[in-house]
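Using the hints, put the two standalone chains together into the complex.
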Amino acid sequence: MSDREPLFSSKNLKLLREPLNKSNPITVQVLGICSALAVTVKLKPSVVMAVSVIAVLSVSNVVISVLRKHIPPRIRIIVQLVVIATMVILVDEILKAFAYDVSKQLSVFVGLIITNCIIMGRLEAFALANKPWPSFLDGIGNAAGYGLILIIVAFFREFLGSGTIWGYPVMEKIGIYKLGYTDNGLMILPPMALITVGIIIWIQRGKNRDLIETH
Amino acid sequence: MKQFSNIYIFIFSAVMVIIVAVLLSFVSQQLKPLQNRNEETEQMRNILASVNIPASAGNAGVLFERYITESFVINPDGERIDNRKPFEVDLKKQTSMIEDINSLEEKLTVPKASPFKKMISGQADRGKADTGPVLSEISGIRESLELPVYICQKENKKYYVFALRGKGLWGPIWGYISLNDDFNTVYGAYFDHKTETPGLGAEINTSVFRQQFRNKTIYDKNNRFVSIEVLKGGASGSNPHGVDAISGGTITSKGVEKMLHDWLSRYNTFIANQKKRP
Numbered sequence: 001m002s003d004r005e006p007l008f009s010s011k012n013l014k015l016l017r018e019p020l021n022k023s024n025p026i027t028v029q030v031l032g033i034c035s036a037l038a039v040t041v042k043l044k045p046s047v048v049m050a051v052s053v054i055a056v057l058s059v060s061n062v063v064i065s066v067l068r069k070h071i072p073p074r075i076r077i078i079v080q081l082v083v084i085a086t087m088v089i090l091v092d093e094i095l096k097a098f099a100y101d102v103s104k105q106l107s108v109f110v111g112l113i114i115t116n117c118i119i120m121g122r123l124e125a126f127a128l129a130n131k132p133w134p135s136f137l138d139g140i141g142n143a144a145g146y147g148l149i150l151i152i153v154a155f156f157r158e159f160l161g162s163g164t165i166w167g168y169p170v171m172e173k174i175g176i177y178k179l180g181y182t183d184n185g186l187m188i189l190p191p192m193a194l195i196t197v198g199i200i201i202w203i204q205r206g207k208n209r210d211l212i213e214t215h
Numbered sequence: 001m002k003q004f005s006n007i008y009i010f011i012f013s014a015v016m017v018i019i020v021a022v023l024l025s026f027v028s029q030q031l032k033p034l035q036n037r038n039e040e041t042e043q044m045r046n047i048l049a050s051v052n053i054p055a056s057a058g059n060a061g062v063l064f065e066r067y068i069t070e071s072f073v074i075n076p077d078g079e080r081i082d083n084r085k086p087f088e089v090d091l092k093k094q095t096s097m098i099e100d101i102n103s104l105e106e107k108l109t110v111p112k113a114s115p116f117k118k119m120i121s122g123q124a125d126r127g128k129a130d131t132g133p134v135l136s137e138i139s140g141i142r143e144s145l146e147l148p149v150y151i152c153q154k155e156n157k158k159y160y161v162f163a164l165r166g167k168g169l170w171g172p173i174w175g176y177i178s179l180n181d182d183f184n185t186v187y188g189a190y191f192d193h194k195t196e197t198p199g200l201g202a203e204i205n206t207s208v209f210r211q212q213f214r215n216k217t218i219y220d221k222n223n224r225f226v227s228i229e230v231l232k233g234g235a236s237g238s239n240p241h242g243v244d245a246i247s248g249g250t251i252t253s254k255g256v257e258k259m260l261h262d263w264l265s266r267y268n269t270f271i272a273n274q275k276k277r278p
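Same order as they appear, the protein sequences are chains A and B.
Its first residue numbered 1, the first sequence is counted upward by one per residue in the working numbering.
Its first residue numbered 1, the second sequence is counted upward by one per residue in the working numbering.
Keep in mind the hints are simulated off the structure, nothing from the lab.
In this text the structure is predicted, and so the values were computed from the model without any measurement.
Careful, some of the hints might be misleading.
[Unchecked claim] So the derived label-pair ranges between C-beta atoms look like this:
#1 Pro-132/A <-> Ile-18/B: 16 to 26 Å
#2 Glu-143/B <-> Gln-29/A: 57 to 67 Å
#3 Ile-151/A <-> Arg-37/B: 28 to 38 Å
#4 Trp-166/A <-> Asn-59/B: 17 to 27 Å
#5 Pro-169/A <-> Phe-10/B: 50 to 60 Å
#6 Pro-190/A <-> Lys-232/B: 21 to 31 Å
#7 Glu-42/B <-> Gly-121/A: 35 to 45 Å
#8 Gln-29/A <-> Ser-5/B: 50 to 60 Å
#9 Glu-88/B <-> Phe-98/A: 20 to 30 Å
[To be verified] List of simulated lysine to any residue pairs, SDA-like, C-alpha gap at most 25 Å:
#10 Lys-44/A <-> Pro-172/B
#11 Lys-104/A <-> Gly-199/B
#12 Lys-92/B <-> Leu-200/B
#13 Lys-92/B <-> Ile-138/B
#14 Lys-194/B <-> Tyr-168/A
#15 Lys-167/B <-> Val-102/A
#16 Lys-167/B <-> Gln-105/A
#17 Lys-194/B <-> Ile-94/A
#18 Lys-93/B <-> Glu-257/B
#19 Lys-96/A <-> Pro-172/B
#20 Lys-258/B <-> Met-97/B
#21 Lys-69/A <-> Phe-126/A
#22 Lys-194/B <-> Ile-165/A
#23 Lys-32/B <-> Tyr-100/A
#24 Lys-44/A <-> Thr-197/B
#25 Lys-96/A <-> Glu-257/B
#26 Lys-14/A <-> Lys-131/A
#27 Lys-69/A <-> Ile-18/B
#28 Lys-167/B <-> Phe-109/A
#29 Lys-104/A <-> Leu-23/B
#30 Lys-32/B <-> Asp-92/A
#31 Lys-44/A <-> Ile-200/A
[As the list claims (entries may be wrong)] Some but not every residue of chain A turned toward chain B, in silico, with C-beta under 7 Å:
#32 Ile-75
#33 Arg-76
#34 Thr-86
#35 Ile-89
#36 Leu-90
#37 Glu-93
#38 Tyr-100
#39 Gly-185
#40 Ile-188
The beta-carbon is built from N, C-alpha and C at its ideal position, and this holds for glycine as well.
This is chain B alone, in the form it adopts within the complex (with noise of 0.2 Å):
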């Protein structure tokens, strides 16, 4: 066999990389708008679908322009933030800050109980923790959610959209959900999944689950948020804040109850604003 000295490896494997690179960089370049495109058809059609309207890839833009007539970003105390355009809000970003302000809540409700210290302390130091820091951590982070609110128009009715997103037993799954201009109604949802189970947790985005949500009210008669439950082995028909869970799909089920209960009781405050308006 051929013998080859080390700077010959060294420089074929330089100009290789070199040369690979520079393709990959230059076709991930001229593909990014065509690729850009083809996310935001994909968010309209979700977003469409969950005020019911069905869109191809082909009309998406058109129906998207027609019936969604204002969107915009807000922050967690429902106030509008300017200079931000929805789809340019990485849901992902807001999901894990979500999740961080969750966790530290948890953090100030539950004081920390190791069984060793209460064996070594007794329960001296039971409630006392320092909130204030974790206080000041949770402001912080709060300042820079971003929420985005889109409003469809749709014979002579208002509906409003929410951006959901969450996890699921693989990976993320995302929605939207869109409510009657009363707040509380449902009138539509969109799931879909990037990597659950199929026949399982992936018929979270079949119609059939979809359906459900429909008519089920957020809130319950003392206006208190409750969100909308998932239950495994079904929802009585009469329960207004529950659906069924998918069979053998529990987790990806208890995932969606979770982004819904996560991403609706941020747009709290909003929603809350919004009722108090005339």
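Chain A with its partners taken away, still in its complex shape (with noise of 0.2 Å):
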């Protein structure tokens, strides 16, 4: 390319916009589920986990693509799981010193990051074979995907399985429960995060009808 391109010219965005609709990550491609079921209880600890994946995996990104010359092919898996868990305890590390309460409810799925399907599948399909900005970019896009099916999955879990939006206790406000409601113990349980999940990706295929799989 002789001529620059501009840093947001629309191939660009549609690097940062895809992945929350047409590609997400969990709905389209259903990857990064495990996470996904885990970390959902509560919405603090979604949005926590959120900001740390759009963290890691855009400078992992970034660095994978930055170094994308010169990393020999037959090491490139370890590569980019070194940069990966180097991130991961960068971040991990950083919680545990300025967000301790969060970092203990996250607890173990913090370093579970490393596992995460999204992070991997992202430096090797696309940073492995881009320049650095729109490495960036996709990376920021695809853990924002990641990151909004998280949010509204723990919205919903945490609504009406503790009756709380954000530790504030709604259900009780609106006095619902002097009615004989009661949370929904079962939302807590991890199998509901599927379902929930079952139910944005029907909404998503009933809205947008090429991600249908014809076979």
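Quick look at the structure:
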């Protein structure tokens, strides 16, 4: 390319926008389901998880993209793992130092970002073949797509399961408990996260027919 | 695709690992003090919660200074260990030592009765096991056991806070329990967990569960240590030594019960000594 591409060209913006909907890592590619089930009991840890994944994925993407011409293909997976693991440990340490309560709630799941399929997938599929800036946008886009679903799921699970939103006792304030309403304990358990994700997939495909698999 | 020589690959990996190692250890060093402070604050909040003083991360330090007038470390014989600060005690290590003692003590009380051995030798060697080495092993572990004690002064009353730690279903559970100065009645209790099931075992850190412990007693009328039972199906209101278990959280509830029994029984001698004092 001789003439420079603008930073936010339509092609680049697509990288940012598509993972939020048409190529969403969770609902369309069905990646990163494991952590989506585990951390979505409450809204707050989900948001922190989403932010952590955005940080890890965007930085790892950039690092791999910068190094892409120097990484020997034979050890590329290990190099990717090292980069991801480094980022995850950094995030974990920072959370422990500055957001102790949340890091306690997330406990092992921050560490398990390492095994999040989305991250390896993006490094392998995108960052190894693209320039740093598009890789950065791709990282943000995909992690945000992941985070978006996480937050939607967590919202419903916290609201229906614990009767709170961001820890604020909404149901109690409405006074619905006095009418005999009780929180749905099932929402707190992991299977309901899967079912909630399923419902989101259903709605998404109902709106966007291109996503429906024909075979 | 570009070819890389083996030497290049080796150098590449070595350099990468060194850079990563330096970066990580640097960050870890830099953040360590902050993290330690967070952990200490957390511990202070737990202790304060066990004497029914709610504290936030912000004011835990101040409240701890105000209410916790004395803190020290004792051994299982109830003697103070000088030069040790309670916060320095590694509770995880103490828990595994307590477990070791328990399993050794079990060896002493229940003679090994393997069905095969019985078949071969009849009942010949029953109860004749040599207890000497086991006893010395127990006392060896007991010597290095350290138990933290915190004394809280609140509204002109003294409360004694003891540490607890044990196993839940998925991981460790821990807490603090405070006794009135009669060394029998529970004033408050705090429990927390690492990875218990939300909505089930994780309920041990809710105030509904914790409040049940208040005014229960850990000794019976004959001054015998009974601890507090966590009963499946619920404890009757008049039961001074029992609380309701959590439905669906049986293993966590049993873990709480075992933790209370294991730790409080180690504090037993200290408590007995304190009671003798006028």
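A quick look at each hint next to the structure:
no., hint, in the structure
1, Pro-132/A <-> Ile-18/B: 16 to 26 Å, "23 Å, holds"
2, Glu-143/B <-> Gln-29/A: 57 to 67 Å, "59 Å, holds"
3, Ile-151/A <-> Arg-37/B: 28 to 38 Å, "30 Å, holds"
4, Trp-166/A <-> Asn-59/B: 17 to 27 Å, "22 Å, holds"
5, Pro-169/A <-> Phe-10/B: 50 to 60 Å, "59 Å, holds"
6, Pro-190/A <-> Lys-232/B: 21 to 31 Å, "24 Å, holds"
7, Glu-42/B <-> Gly-121/A: 35 to 45 Å, "36 Å, holds"
8, Gln-29/A <-> Ser-5/B: 50 to 60 Å, "36 Å, violated"
9, Glu-88/B <-> Phe-98/A: 20 to 30 Å, "24 Å, holds"
10, Lys-44/A <-> Pro-172/B, "23 Å, holds"
11, Lys-104/A <-> Gly-199/B, "17 Å, holds"
12, Lys-92/B <-> Leu-200/B, "24 Å, holds"
13, Lys-92/B <-> Ile-138/B, "18 Å, holds"
14, Lys-194/B <-> Tyr-168/A, "23 Å, holds"
15, Lys-167/B <-> Val-102/A, "22 Å, holds"
16, Lys-167/B <-> Gln-105/A, "18 Å, holds"
17, Lys-194/B <-> Ile-94/A, "19 Å, holds"
18, Lys-93/B <-> Glu-257/B, "19 Å, holds"
19, Lys-96/A <-> Pro-172/B, "19 Å, holds"
20, Lys-258/B <-> Met-97/B, "15 Å, holds"
21, Lys-69/A <-> Phe-126/A, "14 Å, holds"
22, Lys-194/B <-> Ile-165/A, "23 Å, holds"
23, Lys-32/B <-> Tyr-100/A, "13 Å, holds"
24, Lys-44/A <-> Thr-197/B, "18 Å, holds"
25, Lys-96/A <-> Glu-257/B, "30 Å, violated"
26, Lys-14/A <-> Lys-131/A, "15 Å, holds"
27, Lys-69/A <-> Ile-18/B, "20 Å, holds"
28, Lys-167/B <-> Phe-109/A, "20 Å, holds"
29, Lys-104/A <-> Leu-23/B, "24 Å, holds"
30, Lys-32/B <-> Asp-92/A, "12 Å, holds"
31, Lys-44/A <-> Ile-200/A, "20 Å, holds"
32, Ile-75, "6 Å, holds"
33, Arg-76, "10 Å, violated"
34, Thr-86, "5 Å, holds"
35, Ile-89, "6 Å, holds"
36, Leu-90, "6 Å, holds"
37, Glu-93, "5 Å, holds"
38, Tyr-100, "4 Å, holds"
39, Gly-185, "5 Å, holds"
40, Ile-188, "4 Å, holds"
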